[in-house]
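There are 2 protein chains.
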Amino acid sequence: MKSQVSEIKKKIKRLETLVDTSMIFSSILDIDELLNIVLQKAEEVMDAEASSVFRIDEKTNELYFVTARGEKGKEAKEIRVPMGKGIVGWVAQHGKPLFVPDVKKDRRWFKGVDEKTKFVTRSILAVPLIAKGKIIGVAEVLNKKGNRKFNKDDLELFKALANQIAVAIENASLYTELDRLFLSSIRAIVEAVDAKDPYTRGHSSRVVEYSLLIAEAIDSDKDKLKDIEVSAILHDVGKIGIPDKILRKPGRLTFEEYAYMKRHPELGASIIEPIEKLRPLQKNILYHHERFDGAGYPSGLRGEEIPLGARIICIADSFDAMTTDRPYRRKKSIHAALLEVKRNSSTQFDPTLVKIFIRQFERYRMKK
Amino acid sequence: MKSQVSEIKKKIKRLETLVDTSMIFSSILDIDELLNIVLQKAEEVMDAEASSVFRIDEKTNELYFVTARGEKGKEAKEIRVPMGKGIVGWVAQHGKPLFVPDVKKDRRWFKGVDEKTKFVTRSILAVPLIAKGKIIGVAEVLNKKGNRKFNKDDLELFKALANQIAVAIENASLYTELDRLFLSSIRAIVEAVDAKDPYTRGHSSRVVEYSLLIAEAIDSDKDKLKDIEVSAILHDVGKIGIPDKILRKPGRLTFEEYAYMKRHPELGASIIEPIEKLRPLQKNILYHHERFDGAGYPSGLRGEEIPLGARIICIADSFDAMTTDRPYRRKKSIHAALLEVKRNSSTQFDPTLVKIFIRQFERYRMKK
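Chains as they are written, first to last, in the working numbering: chain C, 334 to 701; chain W, 334 to 701.
Incorrect hints may have been included.
Identical copies go unnamed one by one, so any copy, or any two together, can satisfy a pair.
SDA-like cross-link-like pairs, simulated, lysine to any residue; straight-line CA separation at most 20 Å [unchecked claim]:
{"hint": "1", "residue 1": "Lys482", "residue 2": "Ile691"}
{"hint": "2", "residue 1": "Lys449", "residue 2": "Ser651"}
{"hint": "3", "residue 1": "Lys410", "residue 2": "Arg388"}
{"hint": "4", "residue 1": "Lys557", "residue 2": "Phe515"}
{"hint": "5", "residue 1": "Lys407", "residue 2": "Asp530"}
These aren't lab readings, by the way, just hints derived from the structure by calculation.
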């Protein structure tokens, strides 16, 4: 009777873990942090020494570690396991869970990981991660403490956890993929517009790069950096509305032509006007030709009245213009262009951002 | 002792429900179907007569039904509950669960929904849906059967279920939002390119509309329709690479100019070449000027050698060209254009698709 009660208590504890984890899944944004906490819970309830989550890399048909907890977790992270190889490879291939009470006695056991990590695996419980009917990876717990074996209750719990994990991973990667699609698509179209004029080929992409150099030194918040990236890609999108004969004129523009050309920030802002999610970025596009001393266009804003994103893009945009040929002048050397940026600090550019840009650009050049 | 055992059994049953639902969350793609099944489980375990999930509409500060199960579910779906009003409004506002054993005795109770649906609510258990720390909606079960009251065990289970539901809803809506951002962004840029020439203003958007008219009659698969939509938006993206003086020439093109112009499908396909996810759509762009009789360009494909998407876009594109003015000719009436499409069935166009287009277009015109 007593052992029955203790069995039931254990069962309840296991199941309660699932209640706890469902809370974790709804509260944690970062997928790596989430997996780490969920696996920690799994180790606790199942008395395991270590645990990992693998994903399948469909291109190479290998498994790679998404999370590796335990003594040698760090070492494990660089290892890749071929599909079908070892315990996790078997589980990934067959889509079925696997108990391995003693790895030494299992022919499927692949020593490679232990050899590299110096971790000693004794027993394994591995379950497939299945999302929307597709095998996307494997989760495993290693070495049940006290020389015991993983049991059916462990399996049941781990399968349920694996479902939660699979959904979380799948959702995160669907989102990441779509986000990449969004960015790369607008980038491809804008690059095609740039490429129409040999003098501006690659311009918007370089402005993204330079803008991020500055922005990353100010703030590491991913959303803010994404905003800068999208604003920078789109900063010249208004040039779509400028006739070729002005845009590509092989010489100085007349006063009227220049006045037309100066409308491109407003045209750009109006192109993204219908897109609610991009509206917060309109200001970065609209004001990227304002000057710190108030002598820019379209509104003559000055200093910090000019949105930060616009001040950043202004430096990046001008620097790229200086360092590329134009129909009516040759490009400046990088050294001369950096001097020119410095010379225009406080008049055209935000002096704080100029300092950051120059410092960051030097570092970036060294890395290249 | 007996009652203790039955209590424990109940507890285990509740917890096992969570294991089951975690399976459902990892296997069902469609969010409406998913919520329906999860609520059904919740009703079963908690002996409830009905259940609902509400979301908060941030713009209007109202709650609306996402799912409403039970006798009067259908009637409920059109109702909106102001924030703070009624039991669900209170839960949404305070972010706390609420037991209401007898709605008639609770001052917060709002009769409006029952009056509209003719459902008789007696008792309610309502929990907030919280995703990443934000209240996004409310889930409720109604009328515990056998005149009993919802209890603490029900609450514990329902809170855990609510977490799973909140994560699923949040993920689905994040994805939908980003997808909308992707589509609307490329659409805005392409529309700006179209708008540069008054003769093509709105062209790509109309081609999307006409293409979807045809595609929806063939296949209701969302992904396939999305592919057609994106292909149609981008079908002329290659025109970005064609000089204005050819693109906007107010008269017939010379042989050389026309040869240049005919490169736009290839240019379009090459613009999206770097984007892996869009590569399957390249063929729709590349071949949208092929003809059913093999006399089109760039490759002279014929019949069903031409990808379905390209055959669809070809009709939509031509029809829109016929029904809009060009520098060198006036537009045709819709009646004349439809006749022209019919006349070119089997030579220029896929005859099966022509029939579908004409039928669908007539319906669409009637609705307008």
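Do the hints match the structure? See the list:
Proximity of Lys482 to Ile691 under the C-alpha cut-off of 20 Å is found in neither arrangement, the shortest distances being 60 Å within a copy and 69 Å between copies. With identical chains, the CA atoms of Lys449 and Ser651 are never at most 20 Å apart, being 50 Å at best within one copy and 63 Å at best between copies. In this assembly of identical chains, the alpha carbons of Lys410 and Arg388 lie at most 20 Å apart only when taken from the same copy (12 Å versus 40 Å across copies). Taking the closest pair of Cα atoms, Lys557 and Phe515 come within 20 Å of each other both inside a single copy (17 Å) and across two copies (18 Å).
In this assembly of identical chains, Lys407 and Asp530 lie within 20 Å of each other by CA distance neither inside one copy nor across copies; the values are 49 Å within and 58 Å between.
The structure shown violates the earlier hints numbered 1, 2, 5.
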